[in-house]
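Chains B and Y are the protein sequences, given in the same order.
Anchor point for the first sequence: position 8 equals 7 in numbering that gives the first Met the number 0, and the numbering is continuous, going up by one each time.
Anchor point for the second sequence: position 256 equals 255 in numbering that gives the first Met the number 0, and the numbering is continuous, going up by one each time.
Be careful, since some hints might not be right.
Said to hold, decoys possible - List of simulated lysine-lysine pairs, DSSO-like, C-alpha gap at most 27 Å:
#, chain 1, residue 1, chain 2, residue 2
1, B, LYS124, Y, LYS576
2, Y, LYS185, Y, LYS596
3, Y, LYS576, B, LYS146
4, Y, LYS112, Y, LYS132
5, B, LYS124, B, LYS146
6, B, LYS56, Y, LYS112
7, Y, LYS585, Y, LYS95
No lab work stands behind these hints: they were computed from the structure.
Since the model is a prediction, treat every value here as computed from it, not as a measurement.
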Amino acid sequence: MKLRLWLLTAVVTGGASAATPALPPASFAASFVQTRELPGFSTPLVSHGNMSYDHAKGFHWEITQPYHYVFEMNGTRAHEELPDGTRRDLDPDQTPWLAAVEHIFISALSGDRHELESYFSVESKPAGSGDQLTLSPKAGAIANAIKRIEVTESAPGRPQHLEIFEVSGGHMDIRFSPVSP
Amino acid sequence: MSPSLSRKARWTLWLLSLGLLCGAAATRLDLHRIVDTDVLAMLPPEHAAPAIAAATQQTRDAFVNEVLMLVSGDDVPATRAAAQAAADAAAAAGLKADDSSQSLDHLLAAYQKHRYALLDEAAAARLRAGGAKTLATDVAVSLGSPAGMVHAFGSDPGGYLAAYLSALPRPYPDFVPDGAFFSALKDGKRWYLVRSEVPAAAFAEGSHQAAHAVQAAGAAAARACPACRFAATGAPLFADAAQKAAQSESLWLSLASTLLIMLLIAHVFRSFAPHMLAGAQLVASVLAATAAVILLFGSIQVITLVFGTTLLGIAIDYAFLYFSEYWFGEAAPERVMAAVRPGLYMGLATGIVAFAFLLLAGFPALAQFAVFSVAGLAEAGLMVVLIFPVSLTQPPQVPVHAAVLWPQRFIQAAARPSRWRLLLPLAALLLCIPGWFLLHTSDDVRGLQNLPTDMLKTDADIRSTLGQVPPPGFFLAESDGLQAALRQEETLFSHIRDDAPQLASLGLSRFLPSDARQRESLAAWQQVFSDPAALRRAFTQFGLPAALADRDLAEWQAADHALLTDAELFAAAPQFKTFRVFDGDKTALLSTVAGSKDIASATLAGYAATVPGVSFVDPLARIAATFERIRIRATWLVIGGYLLISALLVWRYGRREALRMLYPPLLALGLTLGVLGWLGEPVNLFVVVALILILGLGRDYAVFLREGGAARRSPALAVSLSALTMLFSFGLLAMSSIPALHVFGIATLVGILASYLSAPLSLPPTGEKA
Chain B
0 MKLRLWLLTA VVTGGASAAT PALPPASFAA SFVQTRELPG FSTPLVSHGN
50 MSYDHAKGFH WEITQPYHYV FEMNGTRAHE ELPDGTRRDL DPDQTPWLAA
100 VEHIFISALS GDRHELESYF SVESKPAGSG DQLTLSPKAG AIANAIKRIE
150 VTESAPGRPQ HLEIFEVSGG HMDIRFSPVS P
Chain Y
0 MSPSLSRKAR WTLWLLSLGL LCGAAATRLD LHRIVDTDVL AMLPPEHAAP
50 AIAAATQQTR DAFVNEVLML VSGDDVPATR AAAQAAADAA AAAGLKADDS
100 SQSLDHLLAA YQKHRYALLD EAAAARLRAG GAKTLATDVA VSLGSPAGMV
150 HAFGSDPGGY LAAYLSALPR PYPDFVPDGA FFSALKDGKR WYLVRSEVPA
200 AAFAEGSHQA AHAVQAAGAA AARACPACRF AATGAPLFAD AAQKAAQSES
250 LWLSLASTLL IMLLIAHVFR SFAPHMLAGA QLVASVLAAT AAVILLFGSI
300 QVITLVFGTT LLGIAIDYAF LYFSEYWFGE AAPERVMAAV RPGLYMGLAT
350 GIVAFAFLLL AGFPALAQFA VFSVAGLAEA GLMVVLIFPV SLTQPPQVPV
400 HAAVLWPQRF IQAAARPSRW RLLLPLAALL LCIPGWFLLH TSDDVRGLQN
450 LPTDMLKTDA DIRSTLGQVP PPGFFLAESD GLQAALRQEE TLFSHIRDDA
500 PQLASLGLSR FLPSDARQRE SLAAWQQVFS DPAALRRAFT QFGLPAALAD
550 RDLAEWQAAD HALLTDAELF AAAPQFKTFR VFDGDKTALL STVAGSKDIA
600 SATLAGYAAT VPGVSFVDPL ARIAATFERI RIRATWLVIG GYLLISALLV
650 WRYGRREALR MLYPPLLALG LTLGVLGWLG EPVNLFVVVA LILILGLGRD
700 YAVFLREGGA ARRSPALAVS LSALTMLFSF GLLAMSSIPA LHVFGIATLV
750 GILASYLSAP LSLPPTGEKA
């Protein structure tokens, strides 16, 4: 559930040690390439897009290829533009998982690993100028879906590469290329 | 009673009558249910619908057994360890751990099997309207959204099953399942919720066990993480605290009153015999009264036992009347009975008539009061008539002393012609009149309890942290079958969602869609997969591989299209059975809604009114309504009973004297109500019982004095002793911290004092011919 947001959470908290949390980035923007391997499919699904986070504007996630999709969240409001052109508002209060995602995400940008640690066992080791995090789900529903998550950053608070290994055999790989916000 | 009866014959007659009554009651006795604690059983049968009673019991069981423990701290692993230690300690101390997480996997498996039948109304309508394109859109979104739920539950194209599961009701909105616990991050702290329940069937034992377990859990949590905070709440903890407070208070109040009464009797009579005889009379009265109630009703209400025993306090008047005449009266021992007989019989007759009138109430509780009191008074009178004369046969050797003389002096002084006989009561009455207008009634049982402030604050803090405010009641959807009841509940929840989307509904239909809704869901999917070519086109339009559409189609074709049944759901999650209430041939479903704030009962009742067959039940309001009806009915019946007594008094003493004798108890009644009004104390069922007691005592005082006259020593002494012992017994309750006992104590304190002080007004002024 909420896999990618957790991943992003992991990414942006990667450079923050539990003892001395780093200050959250005031803003962050990147383009990404997402490669998804589904069990039983030899050809992976590849999508392109960009994402950004800004304290004032909130979180923006946009897929540009092969279809257009936008997800935005700011405070208690969330909004989607679907590939068929439909626009819809989501209320985090009425969508428990979305509220949780928002909470996790904001906490993570604040350099707070507690939220992640309630769902995952978090291991961190230095990798280049950043850290590499391995998140292993604790017992519960998440463990039914995810084997582990690996996050590598180029610098503290700068996600570079993220992988999800699913229980179903699926695999997801997202590579970020920072851009100016 | 014939004076020629021998001692043996009297004892035989008395024991035989009591034994026969008890023996007959024993044949109807259910050893597992001698005392009935279900307050709702006091309702007349036509109002106590079995479904409501069963649903109330189910919600009560869920509430009264639950214990919630919250462990919080900054250090996540340490806090989790503390929560685990608390859970282990609570389990070791006998609390049953919440095992709902055990059924989660079974539940997920059941939902996965029937995933195509689980679209909600809006999703089914959307899929029906958009067909293949909608599915392709949703698949693309689930693959691309950062909040997507791809493959979280195996094959779930478009994330529909995940959406259904995510929308399932959560017991604590701000907490998520976290292994054996629920957890949340709030205010910079990690919180773990440990849920457990009391397994003991007996509530009193269970509450003690819960308090002990929570204490052990708190200590274990502190050992595991000294910096963590531990807090707990739950009905068993409140019950334990209330029980302890009541026990310690009743202990010192009982000791104080018993000691004072024994000292008084010892001081006046200088003998042990009155203690023995009065004690035996009280025990025999309660025994006979209980037996009579069991004989007629099968069991006895706990409230009847408490109130009835209180009312039987009147019976001690008969003993004091006899003792006073025997020890300090003018009659020889063998003539004592003859001397007190008119007062005793008149007091008995009026008392029995007053209580028997309650039989007309139509409420089981009041009928039980009546039977209890009538049987108790009759037994008390029988014992005085049969046993006292053969127990007190030797002339007493106690000289008349000051304590014996002052009551007579007081009565004689108060009976002298004086304008104060008119002015003093009038002034008191005038002072009380404003108090009457300040009177208010209250039948809310919560107001009868004295819950510790710190526990209430902890409870409020925990509920606030959990984001859970308990609803004031529950909905009951009653129908001929489960499917119809599910549809009623779905309609109800739909209305609530439209009107107040912030409210979270909880009921079986949230976990088991009705067959009709499941068929709609399957039909929507059928439409999507009916044209494979269109499905492929829709997928490729968004850049998704056509093979993904083929796989989804293959999965649909291979899937089980059967509907999810209640049997499957209950097998996976047995705890959901509590939503279902069997009501004879009918089925009723129990459901609730909760929000982050209190919800008015009227609002919820309004929602229920929009769906035929659905009702909203507010258990506390029902209990309050029961008490209110009993209070009002009892008040009217007491008035009716008094009119009947008036007729008796008119027959015996003539109209003028009868009015004079009714004046003091009615004056005491008026003064009591006035004082209660001035003090801002509510009039509730306890106060009405106190008023019945006051009227009964006042009536006895008037009869005893009228029969004995102001010139005789013994009636004045009997009345004074009765008033003092009643003040010691019940007046001390005014010092209780338990609101129900406190107000009862104030009412009896004022009422008995007023009854006693005004008792001489029942006598004609000295010199006036009665």
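Now the hints, each set against the structure:
1. B:LYS124 - Y:LYS576: 49 Å, violated
2. Y:LYS185 - Y:LYS596: Since the Cα atoms of LYS185 (chain Y) and LYS596 (chain Y) sit roughly 18 Å apart, the hinted pair holds (cutoff 27 Å).
3. Y:LYS576 - B:LYS146: Answer violated: LYS576 (chain Y) to LYS146 (chain B) is near 34 Å, above 27 Å.
4. Y:LYS112 - Y:LYS132: OK: LYS112 (chain Y) and LYS132 (chain Y) at ~25 Å, within 27 Å.
5. B:LYS124 - B:LYS146: 19 Å, holds
6. B:LYS56 - Y:LYS112: 42 Å, violated
7. Y:LYS585 - Y:LYS95: 33 Å, violated
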